[in-house]
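Since the structure of chain A is provided, determine the placement of chain B on it from the hints.
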Amino acid sequence: MALSSFSINTNMKHFSRGLRISTAITLALASTMTMGNANAARTDITVGMQLEPPILDPTGGAAAAIDEVVYANVFEGLTRFGSDGSVNPALASEWSVSDDGKTYTFTLHQGVKFHDGADFTAEDVKFSLDRALAETSTNAQKQLFANIDSVNVIDDHTVEIVLLARDGNLLFNLAWGDAIMLDEASVDDAAIKPVGTGPFTFSNWVQGDKIELVKNPDYWGEPAKLDKVVFKFISDPTAAFAATMSGDVDTFTVFPAPENLAQFDADPRFNVLLGSTEGETILSMNNQLAPLDDVRVRKAIAHAIDRSAIIDGAMYGYGTPIGSHFAPHNPAYIDLTANSQFDPALSKELLAEAGLADGFTTTLKLPPPSYARRGGEIIAAQLREVGINVEISNLEWAQWLEQVFRGKDYGLTIVSHTEPMDINIYANPDYYFQYDNVAFQALMGAFNTQTDPERRTVMLKQAQKIISEDYVNGFLFQLAKTGVANAKVKGLWQNSPTQANDMTGVYWED
Amino acid sequence: MLRYLFKRLTSLALTLLVASVVLFVTIEIVPGDPASFMLGINAQADTLEALRAELGLDKSKPVRYWQWLTGMLQGDFGTSYTYKTPVANMIGERMWISLPLTLFALLISTAIAFPAGIYAASRRGRFGDAAVTGMTQLGVAIPNFWFAMLLVSFFAIKLGWFSSGGFVGWDQGLLAGLKSLLLPAIALALPQAAILTRVMRSSLLDVLSEDYMRTARAKGMSKRSAIWRHGLRNAMIPVLTILGLQFSFLLAGAIIIEKVFYLPGLGLLVFQSIAQRDLIVVESVVMLLVFAVVTVTFLVDLAYAWVDPRLRTRS
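Protein chains in written order, with this note's numbering: chain A, 1 to 510; chain B, 1001 to 1315.
Chain A on its own, in the form it takes in the complex (with noise of 0.2 Å):
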């Protein structure tokens, strides 16, 4: 990419001396063709997607573009995430929790409609929850609701959740956009036309091009500024960038290819957008996989890793280190890279330690995206200098989900964990990486059911601390966002908490 994004540049410039006077007539046609509106702020926004959702219904399904499109925008749930990873009331205005933490009640808002004009009432949280918990359920994250007991309906403004024990994530799993609030009559046709009760209603869906929101006028919160939204699906980086270039797309919240991010920052027409995300960028390890089932491999392989020149090669210099699974924004985040620092010599003892002087040979499979490909080639020869060598295999994301993820068939693989919080997947003997330590399942126990904060944070900081110390992956790195929009949009997220385009707040400056 970086060369054929480089061929566009210097053929631009040739172009350029010859056509000056062309492209002057063609600008001075421009303006007046705009003077009309050129004092008016525009109302409408065209955003650039990489991936096109495959439906619109955030219950039916794991693909994060689906909560890129409706998450804030068409469908709310009783919790929401703020920009800031914060969970905030959304369809219910306030809850009280009972004194054995079990049965929380939820005050709803008054006057809340679907988009086809349905009131949304206590009903409609007790069919959605039920929904999601049935046994026909196809939700992607069921395993949020795994805790919930029984919703009941008090009033047509009050519903109580009871649960099975008490659990200090309720709130936090509301908040996914797994669990936004339906409309019983609009279920059937959710993945097509979906009706949500948010500041955006669904218009138009141009299969393989583009989605259209409008602005929903009865909005019972705080109106939306735009009055349309456009998602734009262009999978290719370099089209990407010609796209932004031309002014035919106005934003990507997370632009496809950070080597053009320098060149938009050099631009006055564009602003880059660099903020954390919740994916931590892994080098997993199969720990039932001899000889990787030795700490001491582990922690060898772990000190023969140099995070700067991964994030410099694969991701030009975007990205935060990490020395744990645990996003470094978070309050409760510590900085464990210490127990990880490159140090080829330290690896190469540890590993004659573990027996294995002359090094071992391992698999490294990679899925598809630009991080997990450029990111394997570094990490293998890395690797090589200690003598492990990794025959490296890409796969597409079936192949890996199959192979790696459920067949546990393999050594090394590479991948961002995208999903907000989500350190407890360590207590998982059977999670692909097959990380097996009764303490740290013991921990994440405990932590399920403490509901005070600060004890919380302090689980926290002792999770982090253990799975960094067991060495059971490669902590390599946080994914940063990288947005690039044009200069005068304002509002849009800066971090990005959970994946979705929240675009209640944007607006275009004058």
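FYI, nobody ran anything at the bench for these hints, they're computed from the structure.
Just to be clear, a hint being listed does not mean it is correct.
Stated by the list, open to error - Covered by chain B, per the in silico footprint, the following chain A stretches (three or more residues, Cβ under 8 Å):
1) 91-104
2) 199-212
3) 241-250
4) 388-394
Where a beta carbon is used, it is the ideal one built from N, C-alpha and C, also for glycine.
For chain B alone, kept in the frame of chain A given last:
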């Protein structure tokens, strides 16, 4: 002629049947489960089972093949696993981009290739011939996606005359629709035009050395009218073959151009569906493309017979 037609039709039907079996088997053995892909990494086992049942993936392969085949004969291509919409509708929508794009590109390519090929052949060995041949060399050598990026960087980014890609929709009017297809069509057409020009030229040159051409000239016909009256018709067979191949190539092979211009056509649909393991879409679209290729070949065969009456009796 009727027997010829019947024979060709039977072989067409058999080809399609064999193709459907090969296609189904090939796609079904590709590793990767559509349900896992859709539900991602946190999906529970019971959720996966529920979704597989919903998609009909729990039935045996022969049953699914039979349902697919009989469904297609009735015009029912099934429902997309991921998009949850009927495949026939999806194909229909995409067709309105891919087919016009293909025809547009074909039109541009013949509009360039026919005159250029005839011109080069009639000026054999002289400067004009060398110039045309040199240009075709360049046309064949330049990758169409690179040429497409040049077009975008110049006409869309620099001049702003065209948008950098995408399709406005036919509801914006014929002209707006054709305008958004113009750059992709040119990018697709130029390499094809180069090939076609070369075929046209060499085919015409072969014909020019035939006895009947010399006879025509000996009768006192000018070179130009000898080419128009006798030469072209006889030189058309190889040109038609290439045109038929190009049609299929353009219809199915525009994937990269569709990606560069982010046009939601058939090529992009196949590409996406393979990555998402939307097997039913892949199977149906590829089957449709096979059908298109086989039908075009059939039409080209008929065109041979029309151009060259000797073929009708020989077969």
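Hint-by-hint comparison with the structure:
Counting residues of the region 91-104 of chain A whose C-beta lies closer than 8 Å to any C-beta of chain B gives 0; at least three are required, and the coverage claim is violated. Counting residues of the region 199-212 of chain A whose C-beta sits closer than 8 Å to any C-beta of chain B gives 5, which meets the bar of three, so the coverage hint holds. Counting residues of the region 241-250 of chain A whose CB falls under 8 Å from any CB of chain B gives 6; the rule of at least 3 is met. With a cut-off of 8 Å between beta carbons, the region 388-394 of chain A has 0 residues touching chain B; three or more are needed, and the interface restraint is violated.
The structure is inconsistent with the numbered hints 1 and 4, although it conforms to all the rest.
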